[in-house]
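Listed below, chain by chain, are the residues.
Protein chains: 2
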Amino acid sequence: MIENVVIIGAGNLATQLALALTEKGIQVKQVFSRKLESASALAEKVNAAFTNDLLQLLPEADLYIVAVKDSAILEVLENLHIKNDQLIVHTAGSVPMSILDGFSNNYGVFYPLQTFSKNRKIDFSTIPICIEASHPSTFLALEKLAGRLSSSVNQINSDERKNLHLSAVFVNNFVNHLYAIGADILHEKRLDFGLLKPLILETAQKVQELHPSAAQTGPAKRYDQSIIAAQLKMLHDKPEYQKIYSFVTESIFQFQQKHDHVL
Amino acid sequence: MIENVVIIGAGNLATQLALALTEKGIQVKQVFSRKLESASALAEKVNAAFTNDLLQLLPEADLYIVAVKDSAILEVLENLHIKNDQLIVHTAGSVPMSILDGFSNNYGVFYPLQTFSKNRKIDFSTIPICIEASHPSTFLALEKLAGRLSSSVNQINSDERKNLHLSAVFVNNFVNHLYAIGADILHEKRLDFGLLKPLILETAQKVQELHPSAAQTGPAKRYDQSIIAAQLKMLHDKPEYQKIYSFVTESIFQFQQKHDHVL
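As they're listed, the protein sequences go chains A and B. Sequential numbering of the first sequence, starting at 7, is according to my numbering. Sequential numbering of the second sequence, starting at 7, is according to my numbering.
By construction, these hints were calculated from the structure, which means they are not laboratory data. Just so you know, these numbers come straight off a predicted model, no measurement behind them. Mixed in with the good hints there might be a few duds.
Where chains are identical, the list cannot tell them apart; a pair therefore holds if satisfied intra-copy or between any two copies.
Subject to a maximum C-alpha distance of 30 Å in a straight line, what follows is the list of computed DSS-like cross-link-like pairs (lysine-lysine) [as the list claims (entries may be wrong)]: (1) Lys-150 <-> Lys-195; (2) Lys-227 <-> Lys-239; (3) Lys-124 <-> Lys-244; (4) Lys-227 <-> Lys-41; (5) Lys-227 <-> Lys-30; (6) Lys-195 <-> Lys-75.
Assemble the whole structure, with the sequences as input and the hints as a guide.
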């Protein structure tokens, strides 16, 4: 049973995960970050020790969680000195579990599918936690830990996780960028972004119940060429928005044609 | 004071508006739709008369609401016989108020900025209602009516409304399409779309408080070229998704560079 952890990383995900674990009674013993002030800031929130030196990692923890950006994982692993049977996981969507092979005999992936900010408290209880492990017993240990945080625990292999992460880029990063474009268009007319907020929320709430193909409305779906042409013209001085408008409109139309018969 | 209305149209917006008005004690006297069964279905919900013949419109209503698709508005107006001083509005984002000029002396626009479905009940109280009117007294009457439905009543002219509608296409139609792409990527791997739902909701909730530029995370923002290249490769058999991926990624990166200094 995992009762305590060492967290390597102090970014958005590391922060929210440390807070959620602590809240559920799992002790965060230590926080590592290359930046001492980041390690210290998070450690303070969860009453943990902290360090910016991987050689100073506490040697006895039930679980080591590597929650650093993808490109830094390997470097961390190469400088980590844990015993062969100590349990280690990473938290990355697009990094295969096999990256951990050789650094311990007991490893896995613990991927919470959500967007995290350092200062925005998040309810972990509904976040899908995606688990993969080197051995069935490791899986069970991670599954149990995940079950203390969330009611959605999922066995997801590296290939599936990679696809989940790709989907997440579309529905989170890209969606957020469309929000930014909406805000930018309004800003130029001195209109308040607040006017779009109820629409943004309802759009997200709608697909909690309906499949997105069934929820689609608007000019692209109807292929209303006069309004599409007029809106493209309004974007004449924003060629990058114009391109997005064209390709997404085209894609919506194709998608609806392909999927209408199955709805 | 507007105490009763005739609604021309029986689509998503007409339906939800009729329900909201009825709930607030404003009588829907009659519903018109070209399809008699659509007119009848909505009329039944709000206890109104119905017709599919514009010549049969009731002659005495405080307000005539034209809530048909953009391309049908003019045809409706040309076949409508109302008195010169009777109040008429349309509900379209991208159609200028001036389309009503000549059909009455007393007209305006009543544009609720939201996505509507026929069968999804919606809370009108937070929906921004955007009003424009031919005369100050008309504006006051429409403002009062809007105020009975929502706490967000906004004076918005035709040019502003056109821009609001363009923004709405980005944050609603296009966002919804990105949800559909996410679902499609998961579907190919037999993964459940439900895994993305908490992420979708949190992404929308985040920008209720933070500006979208400040909420952005992910590989495009960091311009993490190795993951961008890997994800583009995963989409090799979906050229239209690949294009969207490329252009949105490029646009995110440019946007962040341009806006980082003002955040």
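Here's how the hints hold up against the structure:
1. Only between protomers do Lys-150 and Lys-195 lie at most 30 Å apart by alpha-carbon distance; the minimum there is 25 Å, versus 52 Å within a single protomer.
2. Proximity of Lys-227 and Lys-239 under a CA criterion of 30 Å is satisfied in both settings, with 19 Å inside one chain copy and 28 Å between copies.
3. Taking CA atoms no more than 30 Å apart as the test, Lys-124 paired with Lys-244 passes in neither setting, with 33 Å inside one copy and 35 Å between copies.
4. In the homo-oligomer, the alpha carbons of Lys-227 and Lys-41 lie at most 30 Å apart only across protomers (21 Å), although the nearest pairing inside one protomer, at 49 Å, exceeds that limit.
5. In this homomeric assembly, Lys-227 and Lys-30 never come within 30 Å of each other (Cα to Cα): the closest approach is 46 Å inside a single copy and 32 Å across copies.
6. In the homo-oligomer, the alpha carbons of Lys-195 and Lys-75 lie at most 30 Å apart only across protomers (25 Å), although the nearest pairing inside one protomer, at 38 Å, exceeds that limit.
The structure does not agree with the numbered hints 3 and 5 stated previously, though it agrees with the rest.
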